[in-house]
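J.: Sequence:
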Amino acid sequence: MSLGLIALAACNAMPLEIRVENQSSLPVCEVYLSPQQQTDFGENQLAEGEMIASGEQHTFILEAGEYDLLVRDCSEETLYSEANISQSRHIILGGEGKIPLKVTNQTSREICYLYISTGEEWGEDRLGKVESILPNAKRIFFLPPAVYHARALDCDENVVAEMEEVNLSDSFEWVVLP
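Counting from 7, one number per residue, gives the positions in the sequence shown under the numbering used here.
Treat the hints as calculated values from the structure; they're not laboratory data. Don't take each hint at face value.
As the list claims (entries may be wrong) - Quick list of the computed label-pair ranges, beta carbon to beta carbon:
1) Leu140 to Glu168: 13 to 23 Å
2) Pro184 to Trp128: 15 to 25 Å
3) Gln42 to Ser123: 22 to 32 Å
4) Val181 to Met20: 24 to 34 Å
5) Lys108 to Met20: 21 to 31 Å
Note that this is a predicted model, so its numbers are computed, not measured. Glycine included, each C-beta is placed from N, C-alpha and C at the ideal position.
Given these sequences and hints, build the entire structure.
T.: Structure (structure tokens):
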């Protein structure tokens with residue numbers, strides 16, 4: 007029985023590999039991987055002047071644990087986020103058949119919940135528990151071509167704005183106005 011516990015402990019101690027593959031046209035200049043219990047993202051995991059160019063990838067090796075991930079382009083626009091990562095992961099930004107939808111918050115309110123859907127149901131919050139879109143900030147989502155509607159909510163879950171029937175066949179920017 008003690009050998010089983012030792013083997014289980016050894017499995018749990020396996021390092022985490024987070025591979026970020028950039029298939030978008032935007033260079034990635036910021037990757038933050040913070041322990042899940044940490045309140046901020048800490049230091050950029052890419053060295054000063056380092057980036058993940060279009061068509062390139064970078065693998066981050068971490069101690070076993072649970073992490074939050076935030077990826078930004080060189081204009082500090084968020085491209086990807088995920089909470090509670092506890093297993094090795096391969097993240098693909100963009101890719102064939104994915105179209106960028108940029109959300110620009112030009113209100114004075116923080117957008118804490120964002121729903122983007124092709125159906126009648128709103129589905130999952132696209133910002134998760136990792137990020138928000140601050141006033142004057144931008145967030146880019148890579149989505150397959152389709153007709154979308156979207157809803158942005160503030161941190162008190164009040165509707166900030168809605169977008170209806172946008173045919174996403176080419177890059178599109180939704181400017182959320184007051």
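J.: With reference to the structure, classify each hint as holding or not holding.
T.: Hints versus structure:
1. Leu140 to Glu168: 13 to 23 Å: Once the Cβ atoms are compared, 20 Å apart, the range 13 to 23 Å for Glu168 and Leu140 holds.
2. Pro184 to Trp128: 15 to 25 Å: For Pro184 and Trp128 the Cβ distance comes to about 22 Å; the hint holds.
3. Gln42 to Ser123: 22 to 32 Å: With Cβ atoms ~27 Å apart, the hint holds.
4. Val181 to Met20: 24 to 34 Å: Hint violated: Cβ distance 45 Å, outside 24 to 34 Å.
5. Lys108 to Met20: 21 to 31 Å: Once the Cβ atoms are compared, 37 Å apart, the range 21 to 31 Å for Met20 and Lys108 is violated.
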